[in-house]
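Peer 1: Each chain is listed here by its residues.
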Amino acid sequence: MPIETIIGAWVATGLTLFIFSFLYKDNPLFKLAENLYVGVSVGYTIVKTYDTVIVHLIWTPIVKNGEWALLIPVSIGMLMLTRYVPKAAWLSRYAFAFIVGVGSGLAIPRVISSYILKQIEDTVRPLLVMVPGEGLSFTWNLLNPASSLNTIIILIGVSSVLFYFFFSVEHTGLGKVVARTGILFLMIAFGAAFGYTVMARMSLLIGRLTDLIEFTDLSYGRPSLWLLGLTILTLVVMSRRASHKPEEE
Amino acid sequence: MIFAERMLKIDRRIIFLVIGLCTLLPLLYPVGLPIKISPEVRGVYDYIESLPEGSVFLLSLDFDPASKPELHPQSISLLRHAFRKNLRVVAMTLWVSGTGMADQVVTQVAREMGKENGKDYVFLGWSPGGTAVIMNMGQDLYGAFPADYNGKPTKGLPVLQGIANLRDVTYAVSLGAGNPGVEAWYVFGKDKYKFELGGGCTGVMAPGLYPLLRSGQINGLIGGLRGAAEYETLIGQKGKAIAGMDAQSATHLAIIVLVILCNLFYFSLRRQSAQ
Numbered sequence: 001m002p003i004e005t006i007i008g009a010w011v012a013t014g015l016t017l018f019i020f021s022f023l024y025k026d027n028p029l030f031k032l033a034e035n036l037y038v039g040v041s042v043g044y045t046i047v048k049t050y051d052t053v054i055v056h057l058i059w060t061p062i063v064k065n066g067e068w069a070l071l072i073p074v075s076i077g078m079l080m081l082t083r084y085v086p087k088a089a090w091l092s093r094y095a096f097a098f099i100v101g102v103g104s105g106l107a108i109p110r111v112i113s114s115y116i117l118k119q120i121e122d123t124v125r126p127l128l129v130m131v132p133g134e135g136l137s138f139t140w141n142l143l144n145p146a147s148s149l150n151t152i153i154i155l156i157g158v159s160s161v162l163f164y165f166f167f168s169v170e171h172t173g174l175g176k177v178v179a180r181t182g183i184l185f186l187m188i189a190f191g192a193a194f195g196y197t198v199m200a201r202m203s204l205l206i207g208r209l210t211d212l213i214e215f216t217d218l219s220y221g222r223p224s225l226w227l228l229g230l231t232i233l234t235l236v237v238m239s240r241r242a243s244h245k246p247e248e249e
Numbered sequence: 001m002i003f004a005e006r007m008l009k010i011d012r013r014i015i016f017l018v019i020g021l022c023t024l025l026p027l028l029y030p031v032g033l034p035i036k037i038s039p040e041v042r043g044v045y046d047y048i049e050s051l052p053e054g055s056v057f058l059l060s061l062d063f064d065p066a067s068k069p070e071l072h073p074q075s076i077s078l079l080r081h082a083f084r085k086n087l088r089v090v091a092m093t094l095w096v097s098g099t100g101m102a103d104q105v106v107t108q109v110a111r112e113m114g115k116e117n118g119k120d121y122v123f124l125g126w127s128p129g130g131t132a133v134i135m136n137m138g139q140d141l142y143g144a145f146p147a148d149y150n151g152k153p154t155k156g157l158p159v160l161q162g163i164a165n166l167r168d169v170t171y172a173v174s175l176g177a178g179n180p181g182v183e184a185w186y187v188f189g190k191d192k193y194k195f196e197l198g199g200g201c202t203g204v205m206a207p208g209l210y211p212l213l214r215s216g217q218i219n220g221l222i223g224g225l226r227g228a229a230e231y232e233t234l235i236g237q238k239g240k241a242i243a244g245m246d247a248q249s250a251t252h253l254a255i256i257v258l259v260i261l262c263n264l265f266y267f268s269l270r271r272q273s274a275q
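Respectively, the protein sequence lines represent chains A and B. Residues 1 to 249 in the numbering used here are what the first sequence lists, from first letter to last. Residues 1 to 275 in the numbering used here are what the second sequence lists, from first letter to last.
Because the hints were derived from the structure by calculation, they are not lab data. Note that beta-carbon positions come from the ideal geometry of N, C-alpha and C, so glycine has one too. A couple of the hints might just be wrong.
As the list claims (entries may be wrong) - Calculated cross-link-like contacts (lysine to aspartate or glutamate; reagent style EDC-like; alpha-carbon spacing at most 20 Å): (1) K68/B x D122/A; (2) K194/B x D168/B; (3) K25/A x D140/B; (4) K68/B x D246/B; (5) K68/B x E53/B; (6) K194/B x E121/A; (7) K119/B x D191/B; (8) K155/B x D140/B; (9) K192/B x D122/A; (10) K192/B x D217/A; (11) K240/B x D217/A; (12) K68/B x E34/A; (13) K68/B x D103/B; (14) K238/B x D211/A; (15) K240/B x E53/B; (16) K240/B x E214/A; (17) K36/B x E53/B; (18) K118/A x D191/B; (19) K68/B x E214/A; (20) K36/B x D46/B; (21) K194/B x D122/A.
Said to hold, decoys possible - Here are the in silico distance ranges between beta carbons for each label pair: (22) V177/A x D168/B: 47 to 55 Å; (23) Y50/A x D168/B: 31 to 39 Å; (24) V129/A x G54/B: 33 to 41 Å; (25) P61/A x G118/B: 21 to 29 Å; (26) V124/A x F3/B: 38 to 46 Å.
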């Protein structure tokens, strides 16, 4: 096995166990792993961005290929950095205005089309479905998202939830019934989202434990077992020191 | 202190231990619970299965190592399926922090399936801009990615022959852990350039993408580790996702039992306080 794979296994195992040590209590091992995670992420991003953007998309095309037109977007980007110089900060407004203007112009029509118009179109589907050979029919299958019954449920859900967030009318009488229906749909939706979130977090734990189990193998040098022992020993020693300190004082 | 009160004030580290054991034991001693295939995962599988040889399959690996346990198995399964169907695979990423991992997974699966870089697949790497990259690719793929991840010029690569922009892509799948991800690919990609789009996502994002699935804006959705396990079952190759399903079921059962017990203790305590 390549040495870099073995070193990678030891580092990954160690950092995973240091992060898990937080479940016992906050400790310097956890802080070390946490700060390393943030530092390495930022460092990797900076290096990758520098290499891709500065070297390959700016320097090489301008200097080697003579694409001088790229100086225009480079200048706009540099204007944004004037934000850090109080006397010249007004120049950055031109750059922000350009970026916000172009971004809005590109994004707004697309977002309206995709998130609003298309979703409204799907919410107000016909309740009766044309079945070849049978004519119009009403489908009852709750498990089929395209069934007529589900179309009604979705229509009621969307309308009642939208009404719930409409505060210009007091939610009394019939309005209260509609708002309560909206709350019920919201609770079901949040419950489903929470369930999926729990599943996702458990999946992340499963992923880490799968790697820890793999790294108990002798080919890696059994880092999981050695580093687990080291982590537990460190926590015990730190715990003893913390309990002895008040006695010494 | 009565029993219900003691249970509600239990040290949370005991609960951590219970969850940890429920996850660890099924991984060490798997049971092999059956996996039912959902229509949303089958949507992606059936579409790839229907593609003729040589079709262009764009796979955007829009995640970083933080989402690796859920999306890495999805990417491996999709790549194996695409290579088995002899599709032309164009891989890329919109997340700078996931570039190295994306390159590693594409190279690993390609080597395993005997595919050649530049001829059967290409990894374009990362380009800055997020949604702007999608729009740029929609106009001119070679303008967005003048070179691949290894620095080879993209113009002239056999795998990209006949592809000028996103309109020439037969099927695209975005494996997204956030923004930019599946939604960005639909809004700035499929809605404008009219290629078919499927999605893969973390479990957290899945509920938010079901409206896109229902409306037909995406033709399939692989949600979380469970979705990856279903896809592994469909392609007939067991991987880390299937191996994790027993543990997933065990932890979910443990959490359901804990939630029920907590509610029982809470209402019992409330009734006793009222008396």
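Peer 1: Hinted pair, alpha-carbon criterion (20 Å max): K240/B, E53/B. Please report holds or violated.
Peer 2: Violated: K240/B and E53/B sit about 28 Å apart, past 20 Å.
Peer 1: Taking 20 Å as the top limit, are the C-alpha atoms of K194/B and D168/B close enough?
Peer 2: holds (10 Å)
Peer 1: Holds or violated: are the alpha carbons of K36/B and E53/B at most 20 Å from each other?
Peer 2: Cα-Cα ~29 Å, so violated.
Peer 1: Kindly confirm whether 21 to 29 Å is satisfied by the beta carbon distance between P61/A and G118/B.
Peer 2: holds (22 Å)
Peer 1: For Y50/A and D168/B, compare the CB-CB distance with the range 31 to 39 Å and indicate the outcome.
Peer 2: Since Y50/A and D168/B have Cβ atoms about 32 Å apart, the given range 31 to 39 Å holds.
Peer 1: Compare the distance between the alpha carbons of K194/B and D122/A with 20 Å, and conclude whether the hinted pair is satisfied.
Peer 2: Roughly 18 Å between the alpha carbons, so the hint for K194/B and D122/A holds.
Peer 1: Would you mind confirming whether the straight-line C-alpha gap from K68/B to D122/A stays at or under 20 Å?
Peer 2: violated (33 Å)
Peer 1: Given the hinted pair K68/B and E214/A, is their alpha-carbon gap at most 20 Å?
Peer 2: Between K68/B and E214/A the Cα gap is close to 16 Å, so the pair holds against 20 Å.
Peer 1: Is the Cα-Cα distance between K68/B and E53/B 20 Å or less?
Peer 2: Outside the cut-off at roughly 29 Å; violated.
Peer 1: Check whether the Cα positions of K118/A and D191/B lie no farther apart than 20 Å.
Peer 2: Holds, at about 10 Å.
Peer 1: Quick one, are K155/B and D140/B close enough, alpha carbons at most 20 Å?
Peer 2: Distance ~11 Å between K155/B and D140/B Cα, so the pair holds.
Peer 1: Is the hinted pair K119/B and D191/B satisfied, with a Cα-Cα distance of at most 20 Å?
Peer 2: violated (29 Å)
Checked against the numbered hints listed earlier, the structure breaks hints 1, 3, 5, 7, 10, 15, 17 and 26; every other hint is satisfied.
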